[in-house]
Structures are given as C-alpha cells and as structure tokens.
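Protein chains in written order, with my numbering: chain A, 6 to 265; chain B, 6 to 265; chain C, 6 to 265; chain D, 6 to 265; chain E, 6 to 265; chain F, 6 to 265.
Simulated from the structure, these hints should not be mistaken for laboratory data.
Check each hint, because a few of them may be wrong.
As the list claims (entries may be wrong) - To give an idea of the interface, some chain B residues facing chain A are shown, with a C-beta separation under 8 Å as derived from the structure:
hint, residue
1, His45
2, Thr76
3, Met141
4, Ala169
5, Met202
Where a beta carbon is used, it is the ideal one built from N, C-alpha and C, also for glycine.
Protein chains: 6
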Amino acid sequence: MVNKEVNITRLDAFSYREAIKDGEAIVLIPVGALEQHGPHMPLYTDAMLSTKMAELTAENIDALVGPTIWTGYKSQQRSGGGNHIIGSFGFDASHVIETCRTLVREFHRHGVKKIGFINGHYENYQFLYEGVDLAMRDIAHSGETTPTILLLSYWDFVTDETIAELYPDGFPGWDVEHGGVMETSIMLEYYPDLVHMDKVMDLPAAELPPFDAFPVDPSRTPESGCLSSAAGSTAEKGRLLTKSVVDGMSQALREQLSVQ
Amino acid sequence: MVNKEVNITRLDAFSYREAIKDGEAIVLIPVGALEQHGPHMPLYTDAMLSTKMAELTAENIDALVGPTIWTGYKSQQRSGGGNHIIGSFGFDASHVIETCRTLVREFHRHGVKKIGFINGHYENYQFLYEGVDLAMRDIAHSGETTPTILLLSYWDFVTDETIAELYPDGFPGWDVEHGGVMETSIMLEYYPDLVHMDKVMDLPAAELPPFDAFPVDPSRTPESGCLSSAAGSTAEKGRLLTKSVVDGMSQALREQLSVQ
Amino acid sequence: MVNKEVNITRLDAFSYREAIKDGEAIVLIPVGALEQHGPHMPLYTDAMLSTKMAELTAENIDALVGPTIWTGYKSQQRSGGGNHIIGSFGFDASHVIETCRTLVREFHRHGVKKIGFINGHYENYQFLYEGVDLAMRDIAHSGETTPTILLLSYWDFVTDETIAELYPDGFPGWDVEHGGVMETSIMLEYYPDLVHMDKVMDLPAAELPPFDAFPVDPSRTPESGCLSSAAGSTAEKGRLLTKSVVDGMSQALREQLSVQ
Amino acid sequence: MVNKEVNITRLDAFSYREAIKDGEAIVLIPVGALEQHGPHMPLYTDAMLSTKMAELTAENIDALVGPTIWTGYKSQQRSGGGNHIIGSFGFDASHVIETCRTLVREFHRHGVKKIGFINGHYENYQFLYEGVDLAMRDIAHSGETTPTILLLSYWDFVTDETIAELYPDGFPGWDVEHGGVMETSIMLEYYPDLVHMDKVMDLPAAELPPFDAFPVDPSRTPESGCLSSAAGSTAEKGRLLTKSVVDGMSQALREQLSVQ
Amino acid sequence: MVNKEVNITRLDAFSYREAIKDGEAIVLIPVGALEQHGPHMPLYTDAMLSTKMAELTAENIDALVGPTIWTGYKSQQRSGGGNHIIGSFGFDASHVIETCRTLVREFHRHGVKKIGFINGHYENYQFLYEGVDLAMRDIAHSGETTPTILLLSYWDFVTDETIAELYPDGFPGWDVEHGGVMETSIMLEYYPDLVHMDKVMDLPAAELPPFDAFPVDPSRTPESGCLSSAAGSTAEKGRLLTKSVVDGMSQALREQLSVQ
Amino acid sequence: MVNKEVNITRLDAFSYREAIKDGEAIVLIPVGALEQHGPHMPLYTDAMLSTKMAELTAENIDALVGPTIWTGYKSQQRSGGGNHIIGSFGFDASHVIETCRTLVREFHRHGVKKIGFINGHYENYQFLYEGVDLAMRDIAHSGETTPTILLLSYWDFVTDETIAELYPDGFPGWDVEHGGVMETSIMLEYYPDLVHMDKVMDLPAAELPPFDAFPVDPSRTPESGCLSSAAGSTAEKGRLLTKSVVDGMSQALREQLSVQ
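Given only the sequences and the hints, what does the whole structure look like? Please build it.
Listed below in structure tokens is the structure:
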C-alpha cells in the first residue's frame, strides 16, 4: 500500500465510503489543543504530534485517521503551565466532552465500528473518557450495537527501555514534559521548520506541589511556559520516541480491535 | 511583508504575544466543516477554502489567522446535500455555538479586540451568530469592553461583475453551489492535488423545494452529493473568484475594524 | 366543513382526540416572535401573520393549527432591525430549539404523524431546523416511527408572478421586508384595527452590508425600525399575497403529507 | 382610562416605549399551559384565565400585560390529571425556567423595573420561581440593579369569604379544582362561546393519595380529565371569583410595587 | 430481622448485590438539604430527618435505604426562610433534577425495580418530580421496563388525629413548620445531642403573603430563621409524629410497591 | 480546642455564622463517591475516608469541614474497577462539576474566602478542577474577589518514607490501590465495625493496560472489585498513613491559605 492517503480530511466522500464499507475499518482520531509550548514550538504542537503519531500508526495497521480535535481542555498549571497564559486557548469540559461524543455518534452512523482516540494533550483525558462513555450510552440506549473504542495518550506507550536510553540521568516524569525533550524531539523529527532550538529557554524543571491552587500563582510556571527544559532535544531522540510509541500503539490497537 | 507567518497555529506563544500586544491586531477565524463534497473534492473542502480566504485576506490587511473551526453544523439538504450522507459529519447547534463563544472569550482574554469569523460552510452562519452574540453578552455582563467582531460568509463578497463573467448563462445561486463551480475552481487554484476533475459527475443542478422535509428524502440530492455540476471549473475561475472575495473582505474588514 | 374550529387551542381535549385519532391528521404550527415592527404594527405581527397563514391553509387542506410559538429568536439587524431595539424580545437559540423539539415530541406522543411548522420570523428558521432534527433523532433512537415534518417560511411561497404584480418597480428582496409592504398589507387585510397607516414612516430601505457586525451599530437600522417602507401597503395587496402563499403552501403540504 | 390597550402584544413598539419610558411601568406576565381541561373547556384554558386576570388587574392598577406564556410545565396527576393524557402538552422544567428567565432579562434590558408573573397553571410555580431567581442572579452578577418581581398564582387571592359563599357545602381545595367550578365559572363569564356546559361530566372529585407514583396509574384520574365536577358553574360565580382575585392581586401589586 | 443493616452506604457491594438480586428489593432514598434551621438545630436537619424516617420505614417493610441527597433546592422564604440567609446552601433546579435522575438510572441499571424518594425539604418536591419523570422517559425510550417509583414528603403522612393531638390550639400549617415543633420534636427523639432547646427563639410564626417577592425582603423572615416557634417541642411529640409518619408511609409503600 | 464541632452539617446556623464571620475561616470539603470497594468495605468508603482526613486536618489547623460530596464521577476500570459493576453509582461529569461549582458559589456568598477540596475518589479530580475553575470565572465576572481554593487528593500527601515503610516489597502505585491496603488500613483504624477482614479476597493486583477500552471488558477487573489485595491491612498502617496525610495536608493548607 504505497502512498495511500490515510487522513480522511483529504479523502473524497466516495473514497471514504469505499474505505469503511466492510465495517472493519479502524479510524484513529488525534486529539490535541491550541496551547503555548514555550518560545520554541508552535501553539498547535499537541495537535501536530497526536496527528503524526496517529498517521504513522495508521500506516502501520492499515487504518484511517480522522479529523484532528484541537479544541482541547484548559491548560492546567501542573501539566501545561496553566490557562492564564496568553497563547493557550482553553475549552470547557462540556465542550471537549461533546466534541468526542459527536464524533463517535457520526462515525457510528457511518458504520465505523473500531475507533481509537489518540490523545496528545494531558488535560483532555478524563473529558474524552466522559465523551466516549456518553456516546456509548447513547448508542446502547438506541438499541444499536456499540462500537469498540480505545482511548489512549500516546506517551503512555514509550517503553521503559526507551525512557532509560533517552533520560540517562533519570526520568523527570511525563507530568513536567510539557514543552520538554519528548515533545520537542518529535517535533524536530517531523516539523523541523516549526521548531526554534535557538529560542529554547534552558530553565530548571518546574517544581510543582501535589495540589492545584486557585487562583493560579503564575510564578510557579517557569517563564518559558515549559515545565522542563527542551535543551538536549534532537531529531534522533524524536525518532526513537516515535518508534516506541508507534510500535506500542500499533500492537495495542491490533490486539484490541482484532485486526487480522 | 515577506513570508511572515500569519497563522497563529504555527506561531510560538512568544511571537503570538508580540503580535497582539498593542491591542490593534486583527484575528480572522476560518470556519468550515467536515462534509462530503462529491467524488472530486476532499471532506475538508470548506475548512480549506475558508482558511485560504482568511490567510490571503490576512496578508492583505496585516492580520493574523486563528485556528480553523472544522466542527461545523449538520449538512442540510438544500445547501449541502444533507447530513444523512456518509461522509458528512454534523455537529449540533449547541456545539457550534459554544466553539465560537469560547474562541471569542479566549481571544478577548488575550487582549485581542478585533475579530473576524470567515465562514465557508453555509449552514454555520446562524449558529456562529448566536455564539458571537452570547460571547458579547458574557463580556458585557462581566463589565469589560466588548471586542469588535465581524461575521461573514466569504461568497457574499463575490461581486456581481465576477458572477456575470463566470456564469455567462446565468447564475444558479449560491444555494446550489455546494461542490459546484465556485468551490471547485478555488480548490483547483490552491489545492490542485486534492481535486480530481476526472471524477466530477456532470449532473443537472438539484431542484430543491422552498422548504425542508423530515425525514430527508435522499433522492432529492443528486447522486454526486453536489447540488450543481463542477464541470467547467478551472483554476483561472478560482483566481478570479478569490480576487473578488479577498478584495471585498479586505475592504470590509479595513472599514469595520478601523485599520489604519 | 363549515365553521369548524381548526385551532386546537380553542378545542376541548375530547374533540382534539377525535380529530387526530386516525393518525392522518395534519397539524400546522405557526411560529412568530415578539418584535418591534415599526410605529404602525403591533409587536405580535409575526405571530399573527404566521397564525393567519396557518389557519387559512388549514381550512384549505382540512388540517388543524397548533399553538402559536411567539418565543422567537433574537431579531437580527439585517432581517429584523436588531435585538438592541426596545420592543424586540429575543430568545436564545437553545430556547427556540427546545420549544420546537418539545412540540414535536408531544404531538408524536399524541399520535400525530404529519406536522408543518409555518414560520413567520426570518431569524427562527435554522433553530427550528435544529429543533426538528433533534426531535427526529430522539424519536428514532427510541425505536419509534418518526413523523413526517415540513418546515417552511410562508413568504417563500409568494410566486414570482405575484411579486412582479405587487412590486412593479422591482422587488427589494425579502431581506428588507421587515415591517414593509408584504407584512403590512396582509395585516391590513386581516387585522386592520391593529395597523396604523398614518404612523408609517416612509423612509428609504435599509442598505445593509453582507455581514454582521458586533456590537450592532444602531444607526444602520432606519429610525422606524422597519427595513423598508410600508407606504403603499393595501389590504388588496394583502389578499393577493395571502392567496399566493396559501395556495402554494396548501399544494406543498398536500404533496408532502400525502393528503388524499 | 378608557379603551387603552394594555396588552403589549397588540401595541406597536413606539407606544410600548412611550409606556415604559419613565421606569415606573408595571408589566404583568400571564403564565398558563396547553392542557386538557375536560370535555367542556378548551386546551388553552389556563392561558386564557391567567391572561384575563392579568388584563383586568392591569386596567385596575394602570399596568401593562406582557405576552402570555403557554408553554407550561407537564400536567401532574394530582393537580392536572397527568401528562399522559392526550391533549396535554408538557414542557420540561428547564424550558419553563428559561422562558421566565429570558422574559425578565428582556424586560430588564428595556428598562422595566416592576414585573408580576400571574400564574394560572399550578404545576408552573416552582419552575417560574427558579426562572426569576436565576434572572435576578444574572442581573446582580452583571452589576446592574435588579428589578422588583412578584410571582403569584391567581387563585391564592380568592378570599375565604368568597370561598364560603361559592362552596356552601365545603371547599374541596384548589388541588382538585382542575377543570372544576372555579375555572369553568370564570371561563363562562369571559369566554362563554368556548365553554360547553352540556358536555360537563358530573363525576365525583378525584381522591388522590399524598404522593406521586410513576408510572402514572391512569385510572386515578377521572374519565373527564377534570379532578372535580364543573356542574354548578355559572358566570355569576365567575364574576365573584374574578372580583375577589382582581381586588386581591391589585392590592398586593400596588403595595409591593409602590404604585403611587 | 434483628440488627440488619438497611442503609446501603454501610453495606459492602457483595451484600448489596445479594440484597437486590431478586428484583423485589425496595430502596428508599432520603432527600434533604443543607439549610439553616434556627439557632437550635443543625444545618443537616432535613437530611437527618428524611434519613431517619426512611430507615425506620425500611425496617418496617424490609426495605433498603439509599444514599441521602443533601444537595437540595434553594430555601424559599415562604417555606424555609429564604436562601439569602447565611447557613443555607441552595442548589439550582437543574442540579436537584439531575441528582434524582442519575440515582434512578443507576438503581435501574443495578436491577432495582422499586424505589421511594422520601423528601424532607419542602422546596425539593417539584424538582424531584421532574428528575423522576425524566429518568422514566430515558428508560422508556431505551426500550427497557420502567421501575415503579414513589415520591413523597414525609409530613404528608402525619394523620389528622395526630395533628389534632399535637396542636390542640389549631394547626398553623406545614408551610410555617420550618424549624418548628414537628422538626424539632423528631430531632429531640432521635438526635437529642444536636438540639439545643435553650437556644430556641420563641417568636411568633411568620406571616407570609400568598406570593413570592424578589429580591427577598429579609425582614419577613423571623430573626430565628424559623417560620414558627419550636417552643413546646418534646421527644414525646417526636415519637407520636414519627409513628404516624412511619405507619402511613409503610402502608403506602406496601400497597404501591406490592410488598408481599 | 477540645471537642469543638468542626463539621458544619452538625452546627446550627448561628454557630456557623459566628465561626466564619471574620473572613479567615477555612472550610475543607470532603469529596468521595458511592462505589463498590470489594466484599470487605462499605460503598461509602471514599466518602468516609475523605471526611475523616478532612476532619482530622481541620482539628489540626482550626478549620471547619463542609458537607461531604458523595455524588462522585463514574468508577473507571483502571482506578476503581469500572462503573459496570453493580454497587457503583456513577454521576456524569456535568453533575460533579456543578456540585463543586455550587458549593464554591454558596460558600463565597456566605463570605468564606478559604476553601479546600479534599478528594478521596480518584476519578473526581479533573471534574472538581473544572467545577472550581468555572466557579472562579463566575465570581471574577461578577466583579467580586475570588476566594482562595485548594484542590487535592489526600493520598498525594503520603510521604515517600511512609510508602517505603508500609510497602517494603515495592509500592504498586496508587492506581491499583482501589480497595487495597491503604484504604482498608485507614478504614480499620477509624471504622473497624464496617471492615470485614475475613471477607477480603486475596487476589493478585489487576494488570491493567495503559489505555481505556469501551465497552469495558469486565474480566480485567478482579472478581473482588478491588484492584489490589487488602490482605495485610492493619489499623496500625492506617494510623501511619493518616499521620502522613494529615501532616502533609495541614502543612500545605497552612502555607497556601495563610493561616497565622
């Protein structure tokens, strides 16, 4: 299957219908946000990364990629710096929930029975969960057969081996990854024109307490808006991380969605 | 203004903040849909066209372009073939309203005072109107100064002269344009790889009654899903249409948003 | 059928049940607004006109008329002068949608299978559409048979011949009709006591741009609140307009709702 | 005050603005329902009665009458027979709440500072209360001065003397009045053409337990749909009841709304 | 059945499942509020009383008691003093409705077919009614068999004989009971440590008009926050009241829910 | 501070007002759920634990404890076994959000300026976050000063030292704690009568994948409903855990809420 278009936004309707007609098609839906990612990466970073991870995985398992949800939940200080920062666009929980719920409803109406949400914005997860849960309830109540849906955040598929290799001095945890080495490295591999390594602010990782405080104290977020430094990011690391993610997601999706 | 990035999704947060800091920045927000556009154009057509019109206009008047809303309202038979067609993804009114409302709220929080919504999906208009209206009410109630917002559909700026030139045998009306000569011609000019003129189904324009009937009678929509034929579309026509649209929108935005 | 009461608000429940018991009854639901209509017509104009058009059509095709929805969407400047004007009462989209949705649900529960919404307030249309769409989805999900529903705005049935006859100097378009010759003439025919031709402000038609601007610039609406002048309105014109509308609506409803 | 129009639905916008311009105007908003009222009275009974009570009171205290809300809450078995009965149209709580909330918001925007809701459908009361409460909160949060609002059900103003006179054998309580002597008598006085005393079903009053059971047991509602018999209703009784109501409401409104 | 735990909050899941597995189990759900009850009783009074009444009745009819809803509707001046008082926590109608709707949905999912809501906060009733009504509609639409549900306020089961015995000087009505003799006496019987008779403010009962006025006039509520005096309350009266309530509720529940 | 009542549900309104009148009072609001916790612990476990942690902390820092929210979000398989299990009661996201939002609004209305939510049900966190965020936005928009609010889950305050001491063979992670050693040990310390160690099912910890799958595969949850075994739980461990939690929370609350 050379050069086949996997992203349905670029497919025409006739080709899309052909691709899903047997009821076995898998659709992966990337979910990101529009959120500040420091001085060195674009606002669309989470959307770009989740889309890229979805597309690479789709090529692997012969799936389609659905439209990218960029209307993500509000940035939270402990995982994204906080939604008080100019440059982050936060949608309310109800909106994220309904976006997800609608997409499940529409793909289900089209006859798609296997869906994967590929999350790239930490804050989205619980709201996507609720969106899928409500959609499943809607469909069950209507008496129809519910589709099979997987919900995941792509970084949860980075293996321990990859982490050990990339973070020889110890892994700080995904919670302070925002704008850090992982995201920046993958961006360098796939969207090098949009990454400005010269602008990276090499600041210490944020030290955030085990609670959220309102109103947010802006001083707790580093001036860069990133929770850890992107210094040391390379395209090579991006390749390694991507391979780990795509391999892991491909395997999980194959197993869960019964790909022959 | 050479090569300046106008689309904020590709800007980093620091550049975005710099660009909007004086309160005079204009942000144009494209609004489309994910909707079947016949066998010859991609599902993302409305999103692509509104984004392109916004970006060209933005270059013209030194504006920024916001994220593209693709979660549009349900396709209606008399303007888009109908949402029963597989390949169209319809969002409920409440969702379209809230997307728009949230973006106004967030840009307002950032300090942006001049916003234009550039609609490219007929069915969206009234729901965008409601979204803006509610956002303005929210802001007014909070005691802050409301921004200035323009809401338009780009085809309303095609001049009568351009119409006369492009449709010498008489203009069938924008209502049957869905997937027709205008959209296809502009796509040919800007996204030729995504248009398949060889797949165009050259069928008579739909003859639709002056009302909506539920449940929809699918036989009223031509088999192509397009309401008029795209035959005769050319990139040249796309250029003419675009020029008319961009000139008109630029002038309106300049006047309404007091661009110096 | 002499003097038969067609409006169910004036029927007792036993007669209503008798009238709908065979499942073939058609119910027409008028939809208007409470909105300023200049110095010469009452706030209830849209409600009165849609109700009258519905009642005359109902007598023609042996239908019933449901309750009149007057809780219409907010007046928009380009079709109704704008909701900033004191004397217009605007309901949010969600409310108009739910009113319509509830009525479909309740008539469906009663066993009514043929419903027509007769709209008389331009701004309502898309929200009524959504209301019907959601109600149809609700009913379909519950496993029951959906009713057949028509949604129309009455002026869309004025024939080209009637327009040519009544507007010999050229038709300005329905978009500037608000408070103009059509509405005033029909009111003169049916509610002459409520029309004050001596108060008509004979101002030029509004010249409105092809977009909406927020906040609304009140100076774009003529001082009368009407978008075109009612001067020249006569009951005779009202009769002609009504005949055109009622004939057209009757034919459409007969065909669509399979009236024997 | 001879022949002055009190109902704003029949006023033109200029007269309406004149009438409310000094900020002292009182607007009374009738609230009813569309609900079965037995074989002898129309579905619109509650709307007609609340409107009539409001109009008579308005003439008394020089007030205006707003539009009649007929989209009332679902009929409950213990006060209206139950919403399972064909002929009753029940709106959800959220809808009744929002209707009320919107009207307060719009009258407030117009500058009206004194509002009375005149309820004529038992089931509405708590939802109207919530609607007013939310509107007051909205207005307070926006930093504006809240209007003064009265919420009442008209029968609560029938005096003990009138009750003693009209029910010499003992008053059964307002809870079983639905379609009974009070409503029928007032209808006979004001809308005699719409009351069919020959159709009255003279059944014993319903004996309803002190709880609600779901699903409703239809056999608990008398076959007439009325909770007590309308036999014995007369226009004379209607006059007495009306006088008691209008006197009481006028006094309360005068005192509460500081009418000079 | 000695010492059997009836309250499911204290049951483990395995015992709960055992208790409801045959589909005949009755679950009583107490509903209260968090509301000021004068200087002599705790904020949780309504929750405690409804829970106690439910537990005693459950022991009587071999039922279970569900979790206590304390998130009640806003205190109203004519039945609870008003929600302006510090110490009352008022939830919006939509919230009370959804709490009730969710519990019905969840118990239904568990297989419970017989539910009784035992209300102890006057203001809740209509919102609980709506919650049950919507839940029944949800379940019916999903094609499943609706449960049988009873909704009651416990004081409606105090017999006339008990009232005559406890109020020899005449019964002031339940409307002014808030914080009065009934509630205080039952609290004295079951939660004596939480009642401070020495703090009772022996003030005349509130004289409240037959309407609600907004904004609330705080001076209409006695300084105690109670609508009638608790002076004269005794545990003995509490026992009598409780017996009357529990006997009446037990009988009603047995009959309605077909307890063998 | 001997025997002072800290839980406001047991306080009378006058004492409550006294306690909060200076604007320095801290209120801690426990948040739990009604959820299966295996065969050995009650459904109310999360509510009981969060309440106990809040009360002990309150005594420490001289705070009050607010009402316990038990209407928690749906149990998720990876943290609570899943909401498909009979015995778990799941509330939708919108409900959890609104509960939290309302409590902030009401405490704010009362003049309370320092609030801590003490979460005891993993799944709640993001929805509580949204609830607080919306409440803060509401208050900010109304022009009033926002309170200071802390949101935390109590187990996040167990120190590494305590973990090392209690889990000498390695800590399995809080994600599989549901019904495990931590919860069971604290319950043993404070509610020994409600824990049945003899019923503990000593099963291996659940091995859950790094994603959620819908519909849930029930076989992934151990038969006990607990994600790890409670064997080895002791009251002594409960004391150690509690001390760690209460010390940590007390310190954080003191620092964040500026307790003198």
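Status of the hints after comparison with the structure:
Hint status for histidine 45 of chain B relative to chain A: holds, with the closest Cβ pair at about 6 Å, below 8 Å. With a cut of 8 Å, the hint placing threonine 76 of chain B at the interface with chain A holds, because the nearest CB-to-CB distance is about 6 Å. Taken as an interface hint, methionine 141 of chain B does not check out: its beta carbon lies about 18 Å from the nearest beta carbon of chain A, beyond 8 Å. Nearest Cβ of chain A to the Cβ of alanine 169 of chain B: about 31 Å, over the 8 Å cut. The hint is violated.
The beta carbon of methionine 202 of chain B comes no nearer than 12 Å to any beta carbon in chain A, farther than 8 Å, and the hint placing it at the interface is violated.
Hint compliance for this structure: hints 3, 4 and 5 are broken, all remaining hints hold.
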